[in-house]
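For the protein sequence lines, the chains are P and V, in the order given.
Quick note: the first sequence uses the working numbering, first residue 232, plus one each step.
Quick note: the second sequence uses the working numbering, first residue 5, plus one each step.
Careful, some of the hints might be misleading.
Output of the computed footprint for chain V on chain P, the stretches with three or more beta carbons under 8 Å from beta carbons of chain V [as the list claims (entries may be wrong)]: (1) 261 to 274; (2) 422 to 428.
Computed beta-carbon distance windows for the label pairs [stated by the list, open to error]: (3) 406/P <-> 76/V: 37 to 45 Å; (4) 336/P <-> 21/V: 50 to 58 Å; (5) 45/V <-> 394/P: 25 to 33 Å; (6) 438/P <-> 162/V: 55 to 63 Å; (7) 404/P <-> 45/V: 47 to 55 Å; (8) 144/V <-> 394/P: 55 to 63 Å; (9) 496/P <-> 55/V: 29 to 37 Å; (10) 122/V <-> 394/P: 45 to 53 Å; (11) 289/P <-> 144/V: 42 to 50 Å; (12) 384/P <-> 73/V: 43 to 51 Å; (13) 367/P <-> 76/V: 45 to 53 Å; (14) 392/P <-> 70/V: 24 to 32 Å.
Over the 12 Å line for every Cβ pair with chain P, so calculated as not near, a few chain V residues [stated by the list, open to error]: (15) 8; (16) 37; (17) 170; (18) 195.
No wet-lab data here; the hints were simulated from the structure.
Don't be surprised by glycine CBs; every beta carbon is placed ideally from N, CA and C.
If you want the building blocks of each chain, they are given just below.
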Amino acid sequence: MKISKVLIVFVVWQLMTTVGIAATRVTGNVIGRVVSAAAFRLNGDTVISNGTLLDGAVMETARTASSVQLSSGTRLSLSPASRAKVYGDRMILEKGETRIEYVVGFHLEALGLVIRPGVRPGGGSSSGRIGLEGDTRLRVAAVTGSFLVWNARGVLVANVAPGSALAFEPQPAAAAAATKITGTLTEQHGHFMLTDRVTRVTVEVTGQRLGAYVGQVVGVTGAMNVAAKSVANAPQVIAASQVQSIDNGASVAAVVGGVSAVESRAQPQDVPPGLPPDRPKGPPPGRPKGPPETPPGLSR
Amino acid sequence: MGSVFERAVLLLLFGFALCLTIKLAVAEARLRLNPELASANQPRVAVTLNPRLAIAWIQLGLDSEAEGNLAEAEIDLLQAARVDRQYIPAWTLVNFYFRRGDSANFWAWARKSAARTFDDYRPLLRLADVLEPLPREVATRLGGSPPLLRAYMDVLIGAGRLDDAQEIAALLASHHDPSDAARLVDLADRRRLVK
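Chain P on its own, in the form it takes in the complex (with noise of 0.2 Å):
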């Protein structure tokens, strides 16, 4: 009888740690946490200090910026009065900047433009600031390593190199094949190269009497040739309307994929190399005493 009762009671708390167990693996979907010293918005309730990401979340900040740590390792800070929507593998920026700290099987989205980091000769990560200015203009400072820029249809638009900054604007979509690129014209094999000053994309540029400004720097204006594939193994290629040479000094941008580039002046808020970004120095996360106060900007 005693033996029976022990028996039940054996197979009861069983059933229940099993049931226990089955309800810890529920959180598939959680992909990291994001800390901030002050309030900020996550999917469009207001958080306090800390709180999980789950994927597709949306975080918006107002005067105080937040750190997102995800589980895959990447760090990253949104910036104040920025907003952006996060998954696992990228984040969508809507609104404001974001500083890259460390990434790991991430990249970034805004205005349609697709930035992931370069690759680095020794291993690592790229660091550096994206942020939009305005509703068209997305800006690109490389701090560490470089930053490969994308356009809609998977065309490299520029390779930001490190302790540079590139200010992107996407064209209409009539002017998607508009390309306008500046470098010295080289010869290999038969093929012509250039790669650009402004944006270091190489491409394979075709046209008539190119053979004449082989080693000179000219400007080439022309369209992208979707169709053709470049035997030099340059990730596109070009079809010269106009070959021009010009002042070696020149002030130039670049109009690569559709995407007008132009040089960024850097900014004081760009972070020297060797110190990392953005993680909340001064006081740690949390507001131990008091109501919240909703940051300006936040309506509930």
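Assemble chain V onto chain P, guided by the hints.
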């Protein structure tokens, strides 16, 4: 007798103050001797100077979690909750246990967090709703206070889960608060429109 008691209290207070002063002096001396300590580990220095600084314990816990040291993270976060029995440490533990998939501790701290929430219940409700599919169960586990039920109704209506919202509305109606009448009627209208 009274004077002896007063002297004892004064002596105790003096001793307490002296201990704190010595502790601070030692911590300050350690910082002076090793300035790198301050820059490398600010929260650790902060809790050395003031062990009741919950926000520093929270930072330490979150840092440990990021480094994969979950046991230490839990200790630090629980310490934060010990020295500060307000909302933020409890909310941080709710999130910590949610991320770990520790439902037993999640619900224990979620209930405390709900009791200490002075503002927005929705972030807590959204996490709880992920773990528990039955809205009535979520409401019960979190204490079922009228403000929480109202917030939960809003969350469910916002998600288009009108039948679930109706379950919560029934709980809210049981509190017989006339100020909820409009909210309940609104839900009924929404459900009628959908049907």
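Evaluated hints:
no. : hint                        : result
1   : 261 to 274                  : holds (count 5)
2   : 422 to 428                  : violated (count 0)
3   : 406/P <-> 76/V: 37 to 45 Å  : 56 Å, violated
4   : 336/P <-> 21/V: 50 to 58 Å  : 55 Å, holds
5   : 45/V <-> 394/P: 25 to 33 Å  : 30 Å, holds
6   : 438/P <-> 162/V: 55 to 63 Å : 58 Å, holds
7   : 404/P <-> 45/V: 47 to 55 Å  : 53 Å, holds
8   : 144/V <-> 394/P: 55 to 63 Å : 58 Å, holds
9   : 496/P <-> 55/V: 29 to 37 Å  : 47 Å, violated
10  : 122/V <-> 394/P: 45 to 53 Å : 47 Å, holds
11  : 289/P <-> 144/V: 42 to 50 Å : 29 Å, violated
12  : 384/P <-> 73/V: 43 to 51 Å  : 45 Å, holds
13  : 367/P <-> 76/V: 45 to 53 Å  : 47 Å, holds
14  : 392/P <-> 70/V: 24 to 32 Å  : 30 Å, holds
15  : 8                           : 37 Å, holds
16  : 37                          : 22 Å, holds
17  : 170                         : 22 Å, holds
18  : 195                         : 23 Å, holds
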